[in-house]
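**Q** In case you want the letters, here they are:
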Amino acid sequence: MKPLAIDHARDGEVMVAFQMNGEQLPLLNGFPVRLIVPGWYADYWVKMLSNIEVLDAPDENYFEKIGYRVPDTPHASVKPGETGFKTVPVSRLVPRSFFTNVTDTTTVKSGAATPVRGIAFGGDGGVAQVELSADSGQSWQKTALSRDEGTYSFRQWSTQITVPPSGTLTLQVRCTNTKGEVQPAEPNWNGGGFMRNVIERVQLTVA
Amino acid sequence: MATSANAIARGAIVAMGVILLAIATQARWAGQPALAAEAPPVAPAPVVAGGGVTLHSVATNFPRSDSTFPGGREADVINNDCLICHSAGMVLDQANLSRAAWQAEVEKMRDAFKAPFAAEDIPAIVDYLTNLKNVMSQNARRQPDAKHGAVIVAQGTAAGAPPCAQCHAFNGLSDASGAFPRLAGQSAFYLAGQLRDFASGVRASALMSPIAKALSPDDIADVTAYFAGVDAPFLPLKAPNAALVKHGEELAKAGGPERLHCDNCHGPGGSGEPPVIPYLAGQYAHYIAFTLQMWQEGFRKNSPDAMEVIAKTLDDEEILAVAAYYQQVSSALEAAAK
Chain F
0 MKPLAIDHAR DGEVMVAFQM NGEQLPLLNG FPVRLIVPGW YADYWVKMLS
50 NIEVLDAPDE NYFEKIGYRV PDTPHASVKP GETGFKTVPV SRLVPRSFFT
100 NVTDTTTVKS GAATPVRGIA FGGDGGVAQV ELSADSGQSW QKTALSRDEG
150 TYSFRQWSTQ ITVPPSGTLT LQVRCTNTKG EVQPAEPNWN GGGFMRNVIE
200 RVQLTVA
Chain S
0 MATSANAIAR GAIVAMGVIL LAIATQARWA GQPALAAEAP PVAPAPVVAG
50 GGVTLHSVAT NFPRSDSTFP GGREADVINN DCLICHSAGM VLDQANLSRA
100 AWQAEVEKMR DAFKAPFAAE DIPAIVDYLT NLKNVMSQNA RRQPDAKHGA
150 VIVAQGTAAG APPCAQCHAF NGLSDASGAF PRLAGQSAFY LAGQLRDFAS
200 GVRASALMSP IAKALSPDDI ADVTAYFAGV DAPFLPLKAP NAALVKHGEE
250 LAKAGGPERL HCDNCHGPGG SGEPPVIPYL AGQYAHYIAF TLQMWQEGFR
300 KNSPDAMEVI AKTLDDEEIL AVAAYYQQVS SALEAAAK
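Residue numbers (numbering that gives the first Met the number 0), protein chains in the order written: chain F, 0 to 206; chain S, 0 to 337.
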């Protein structure tokens, strides 16, 4: 059970879905009908939707008033153990990006040109750009993005790096969405683990 | 005039600002009477079409889990209250949480999710969960011995328990009179809980209470493991009253205003939700009706928040209807399969 402001529910993007890719929804995707709330957290994407109620007052149900809330602070971040901050219901998704072809156990060849790629999504906006840093975030280089399939679609990013002669190589990747929001360099924290989108990094071994 | 129109328009916008849509799935426990009242009491059509789109009902088999919380009697409360929704494995894999954290989790299940267990059960559940890692490390339990169970069923015990087969038959089918329930294939966890409740008197029975008291904990584990493992046929029974069956089916599948339907907990067609919830499909109508009356009259006290409440919403005709429906479910399924 989740509430949406009526203007949001009627914004032309929120929809009640009964088909996916031209077929009826699979059971695990919410057959027969589910709600789609693009750019917002999955707790709004109610599966097996059975009723929609118009309320004339703020919703007081558990998952609005007590559960699924985040600090009303930048990046929804507070210090572990901190209290006394204002909270709001978790709502919009945040931009994120990931490596998919390298991990902390990957060994790369000294001096070689090496392809690096992954995926990114913009959260409640499209993917505007994805950048890679090989120098602990001092400088960032743009990567190439796959075709834009629409605001809420993820996109593949790819680039090529030249591996240094020896030691380790730390790479970081960050996404900026079309609303100008960029992933934070410091880990953001809250009790529910919501909206965590700190810049991902991998440490490669050079051999 | 223009000013007041503006004021009205502003008022309307402000009012719109606080209008929210509440969007929900049917709550499993129908914690909100309003939702239950709105559920139409009709069985779903297999096909729905409109606007060029046709949706077909789908059938699925969810995986079943018979795993329970280890630890014997200490685990009784958590087994009874939590396995209705949770698999034991998922809970046993949780991190070591503080007592306060478990307390908050358990209260949330009751208050937010409307889990149907009594408030006085909370301390026992929290104790168990707080002690989880110790329970796991001491978990070297005796495995139930179904072969020894079969011996008890056939011969009784030296301590004075008569052979179960006297009334329930060796294959757990009892007999077509319906005076005794069918036990074949019923969950061992459920059967063992009933035996302990007969012994303690939480479920009162002049016949079963002395028998249950004569069984040791190991005997109970063995006998119930035996009956749970029996794959027995369904006895041919007298053709049921079609109108009564139809009414029973409606109650079983859709319930009624502010009332849960039986299948909500007992599974589709009363197929059971083991290990906690017994099957009703193919159970004798006479026994189902009798046991619902036992709930109504307070002779069974081992599900005060669920079955006692539900039984008291049924009148005599409705009891006969659901009983007639469930008795013929399995034979109907077997006939359809031929």
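Be aware that a few hints might be false.
Straight-line distance between alpha carbons at most 20 angstroms, and here's what the computed EDC-like set of lysine to aspartate or glutamate pairs gives [stated by the list, open to error]:
#1 S:LYS300 - S:ASP120
#2 F:LYS64 - S:GLU119
#3 S:LYS107 - F:ASP58
#4 S:LYS113 - F:GLU63
#5 S:LYS107 - S:GLU119
Just a few of them, taken from the derived set where beta-carbon distance is under 7 angstroms, the chain S residues facing chain F [to be verified]:
#6 LEU54
#7 ASN60
#8 ALA231
#9 LEU234
Hints were generated in silico from the structure; no laboratory data involved. Predicted model only: the values in this text are computed from it and were never measured. Where is the CB? At the ideal position from N, CA and C, for every residue including glycine.
**Q** Each of the hints needs a verdict: does it hold here or not?
**A** Comparing the hints with the structure gives:
1. S:LYS300 - S:ASP120: Answer holds: LYS300 of chain S to ASP120 of chain S is near 14 angstroms, not above 20 angstroms.
2. F:LYS64 - S:GLU119: violated, 26 angstroms
3. S:LYS107 - F:ASP58: holds, 18 angstroms
4. S:LYS113 - F:GLU63: holds, 16 angstroms
5. S:LYS107 - S:GLU119: Answer holds: LYS107 of chain S to GLU119 of chain S is near 15 angstroms, not above 20 angstroms.
6. LEU54: LEU54 of chain S check passes; min Cβ-Cβ to chain F is 5 angstroms, inside 7 angstroms.
7. ASN60: This interface hint is violated because 11 angstroms lies over the 7 angstroms limit.
8. ALA231: violated, 32 angstroms
9. LEU234: violated, 35 angstroms
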